[in-house]
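Hints in hand, dock the two standalone chains.
Each chain, written out:
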Amino acid sequence: MPEPILRVRDLTKIFVSGISRKRIVKALDKVSFDIGEKEFVALVGESGSGKTTLARIVLRLTPPTSGEIVYKGRNIWGLNKEELKWYRSEVQGIFQDPYTSFNPFYKVDRALKVAAVKFLRGGDIDKIIREALEAVRLNPDEVLGRYPHQLSGGQLQRISIARALIPRPKLLIADEYISMVDMSTRVDIVNLSRDLVDKFGMSIIMITHEMNMALYATDKIIVLFKGKVVEYGDTRKIMRDPLHPYTKLLIEALPSIEKKIERKILQKTIEAQIKGLRESPRGCIFAHRCPYVEERCYNEEPPLIEVDKNHYVSCWLHK
Amino acid sequence: MDDVVSRTRDLRLYYILPRGIYVKAVDGVSIEVPRGGFLGLVGESGSGKTTLAEGLLYLIDPPMVKIGGKVFYRLRLRKGSSDDYKEIDLDKILPKELEKLRGEEMSIIPQFSMDALNPAMKIGSFIKDIARYHNKDPDEVINIALERFKTLGLPSDLLDRYPHELSGGMRQRTVVGISTILNPRFLVADEPVSNLDVVQQHIVIDFLTELVEKKIVETLLMVTHDLPLIIEKARYLLIMYGGHIVESGSKEDIWSEPLHPYTKMFLESIPPVGVRVEERRIRGVPGNPPDLRFPPPGCRFHPRCPFAMDICRLQEPPEIEIKPGRKVKCWLFHDKFIKRR
Chain L
12 MPEPILRVRD LTKIFVSGIS RKRIVKALDK VSFDIGEKEF VALVGESGSG
62 KTTLARIVLR LTPPTSGEIV YKGRNIWGLN KEELKWYRSE VQGIFQDPYT
112 SFNPFYKVDR ALKVAAVKFL RGGDIDKIIR EALEAVRLNP DEVLGRYPHQ
162 LSGGQLQRIS IARALIPRPK LLIADEYISM VDMSTRVDIV NLSRDLVDKF
212 GMSIIMITHE MNMALYATDK IIVLFKGKVV EYGDTRKIMR DPLHPYTKLL
262 IEALPSIEKK IERKILQKTI EAQIKGLRES PRGCIFAHRC PYVEERCYNE
312 EPPLIEVDKN HYVSCWLHK
Chain P
5 MDDVVSRTRD LRLYYILPRG IYVKAVDGVS IEVPRGGFLG LVGESGSGKT
55 TLAEGLLYLI DPPMVKIGGK VFYRLRLRKG SSDDYKEIDL DKILPKELEK
105 LRGEEMSIIP QFSMDALNPA MKIGSFIKDI ARYHNKDPDE VINIALERFK
155 TLGLPSDLLD RYPHELSGGM RQRTVVGIST ILNPRFLVAD EPVSNLDVVQ
205 QHIVIDFLTE LVEKKIVETL LMVTHDLPLI IEKARYLLIM YGGHIVESGS
255 KEDIWSEPLH PYTKMFLESI PPVGVRVEER RIRGVPGNPP DLRFPPPGCR
305 FHPRCPFAMD ICRLQEPPEI EIKPGRKVKC WLFHDKFIKR R
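First to last, the protein sequences are chains L and P. To convert, count from 1 in the first sequence and add 11; that's the working numbering. To convert, count from 1 in the second sequence and add 4; that's the working numbering.
One chain only, chain P, in its complex shape (with noise of 0.2 Å):
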């Protein structure tokens, strides 16, 4: 796949506890996220997912540490009429390069919204302040942060209120207005629905979905344990259990047939919208999800697993292609074992 936008090599971000303990949340994952459209990263709580996403932005900040592998970034360059891309490595870029391509290149909308505002500012002089940072107009950018906010519902008085006298729900859209009035061309939205009711959780969805169809935004990676939420928008989704990628490919393809037996397992524990429970009962994936600071050896979902063979017991599953851009992190789709199926 020549077409990505971001990708990682070997990628290992632990916690650091004391006495020497670590938490492997992204444990040796190498990933492509396609350029274009609507994807979705998705993962329950504890699989590490939030955790990559700040890495793929580099925002490794300790006790996050980065053990080992690479982070890249797809650069466009513009050369006359056509695009020209340039991959950059992100270890070897000065911070404050770093901190400029945040914000006009790459953006996230960051998971808890009151700690993403400053509380003795105004939405209107938070605005500015980012915008002079990136040396642009601050009349331009607050016109897009107003049109912004009008599309999510926002009242036109915001930019002279301070994030206390907000709601919850209207913070969080704000958070979400912000992260976007650079237009970004890779957006990373972590759990941006999940303190809002129904409509407010469309309202937002709405919204990022029109501006990746506008092009305002080339990507947008949608971090979320809620797979439901994004089905019907994701083009592409990436998979994610105990600090791996397990599964990766087109949402038609993950939807019609999921390989890897978390997948199958997780979109099982959904009940459809008219069945009843007498009628046939769903079930959920047996068992717990692991421990990251002691992760079991070999397969990470092999404890869980009702397929698990001798060998996802001691050593860890390779990623296997299926085909271009369809991966799976799994023994049973092995050579050796392909027959099985």
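The shape of chain L in the complex, shown without the other chains (with noise of 0.2 Å):
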């Protein structure tokens, strides 16, 4: 098997707020994960899931409370100057909002001027702009010398991904970017990702919470619970069998009009919720919600294991 570009290995981020009464929050806890050469990823998961915070920590936006996240055999925790240039270069992010992305007071050209000079060194400029326009499946020259105001999400969202290429990036990260997109384009943005993965070589980490996209166009899902990773591995191996109660219901919530479909998982979670039940402090952190819950469930907790290769669930019921 070939070496994965990035292992993420027990990823934990602990937030504390409050000043006397401390209020502890784990955004993330022990989250492992790799991601391949050429792969189109997906991190699906729900607002509180802890998604973003990994986005964030990958980007090294915000240091782990502990954990080891390698890039290509460095860790990126460890990384000096010099290293941490050629880091930056390789890794980039694409967030969810493209109107806050640009400054509204310049032409978008700048924000792809700067990413340009910073990241190449001579070359021509210009003609490196177009090219990650058109790489991005936009004519030049009907966005370049406007200001963000006159276009459209999905142009600027395009944009952003445009100025994530420049530097040539092997990895990209893309928080929630097709959310704040018109539901009509949002297709052709996850179609564009899918060809430059298949095209130019990148691997892409799509974090959504849009499952349907997932399912649509990527390699392989991370589907992350409150902080862990309840079940993880090969795409069509989930679309066929998703194993954790917590995948099946992201799957069977999806709508359907030709058939009527049963959510037992869905209507067990929402009399779980309405009854506001809340998680066992020990068990595994879905057997509130489960409808297959057995006694172990609150007292131990699952751990990770490969069911099938390259297909791992955290759930007591595939052990």
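Worth double-checking, as some hints may not be accurate.
[As the list claims (entries may be wrong)] Computed footprint of chain P on chain L, listed as stretches where at least three residues anywhere in the stretch have a Cβ under 8 Å from a Cβ of chain P: (1) 164-176; (2) 221-228; (3) 260-268; (4) 318-324.
Derived from the structure by calculation, the hints contain no laboratory data. This one's a predicted model, so the numbers in the text were calculated from it and none came from an experiment. Backbone N, C-alpha and C define an ideal beta-carbon position, used for all residues, glycine too.
Okay, here's the thing in structure tokens:
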């Protein structure tokens, strides 16, 4: 098996808030996964699952409390100045709100130029910018010379991607980058990401709450629930045979008009939420919502186990 | 269609910007909102759907102005055992009467839940205030609220809390609950689940569906950009694009045979569950939505439309009634061009 380009091991992030009465929130709890070369990976989770925290740590915007992130064999929190520069050009981020990613007082050209000047030594900057825009299927003449408010959300998000492509990164981390783009053009951004992986040999981590987009286009899915990886593996395997009840819930919640679907797990979860049930402090974080719960789920935390090749789940049902 | 709860005639709602520029958010919309059941007003951001929704309740405040057109609401009058309806022109009633109508007859679940609550008031006091304003018994209304909150999965001590003490998801569900406490006949819900997780989304949609099924709310108009979200529940859809209603009809008709090219391409842009990119590539709608300050002449969709003809670039298409309750605003369905279909 080829060496992964990014290896995340036991990543934990604890936030402490309050002065006298300290409140501790575990945003990430021993998260481990690998990202391979030329892999399109979806990190699926809802708000509060820790997915944005994870993105911020991988982009080196926030330090972890513990755990390790190794990029191409080097621990990203132990890089020297020169290596740091290298890491910053190899790993690029794209963020949720394209309207706040650009300075409204400058034309969009500036963001692209700044990236080109910062990351590239010389070269024809205009040509590089035009190539980057063409790579995201924008017509450079239509967008260059414009201010952010003159462009649509979809166009701006493509420019964000173009900007991220300029340093020729090997890994893109896209945090909810489609959620503010019009519904009717979201799929194009996902298709474009697929092509960047297939044609330019990049790896992309798409952080999203949209399970249908993850199932449609990615190679691998990591399902995060309350800071923990509950399931992780090959997308096609997860599509065919989701193992964790939470993954099943996310898939059964997808709308369907042709056939009526029974939403057993969703119903149970709704009941649990309406009753205000809380997760048990020791066992599985999903136990109180789970229709298949057993005694041990309340007491013992299930480990992440490999059920099948490239398919991991953290659930006692599969032990 | 005579069973209508609300209707507009050539409604134009613009936003005034400096230097004499208008945003033509709703630009000549004539719709009939059928009475009863779960309905959807679907459009993407910037299509004017929120403005139209507010227009239906006559929530027209600067910088939004009504440039032209009419809004009617069909009031129910109880006469003995049978119901009678009287259509009122919302231009012609006093602001005070309008305020009374809102809440008891018609209500809106606003999009931004933080702005909808009074930050200096506990939820309970806020509800009692609403009850008093509408001459209702506060305790009775509180009881209704408690029941609604329970169905929405909100904690029982909610009444003693201030809005800032609630999480975003709780606050949004609280606003959903409060918007329904006076049992409005006509409820407009503007993106009521946009910031909620999957489970909470289903809780709110089930809650609203139940109000409709129990006839507590007669007509629910859900305003959303997320068509898949309501596709299972809605019975009737209005599709909005660029300040116009481009198509309307029963959900079954629109789903099985969308007529307007925009509707068709929009439906095709959503990957169905089970389809993989390498087997079948789903395409989005090419191009960009119109800038409603300077909308294109003719049909607003023509720059993105693969079927655009000369007339589409010059003249706004008329609304063509295909059958009762089913309309499309597209030249392709005009008698002159119908053979080209």
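Verification of the supplied hints:
no.	hint	verdict
1	164-176	holds (count 3)
2	221-228	holds (count 5)
3	260-268	holds (count 8)
4	318-324	violated (count 0)
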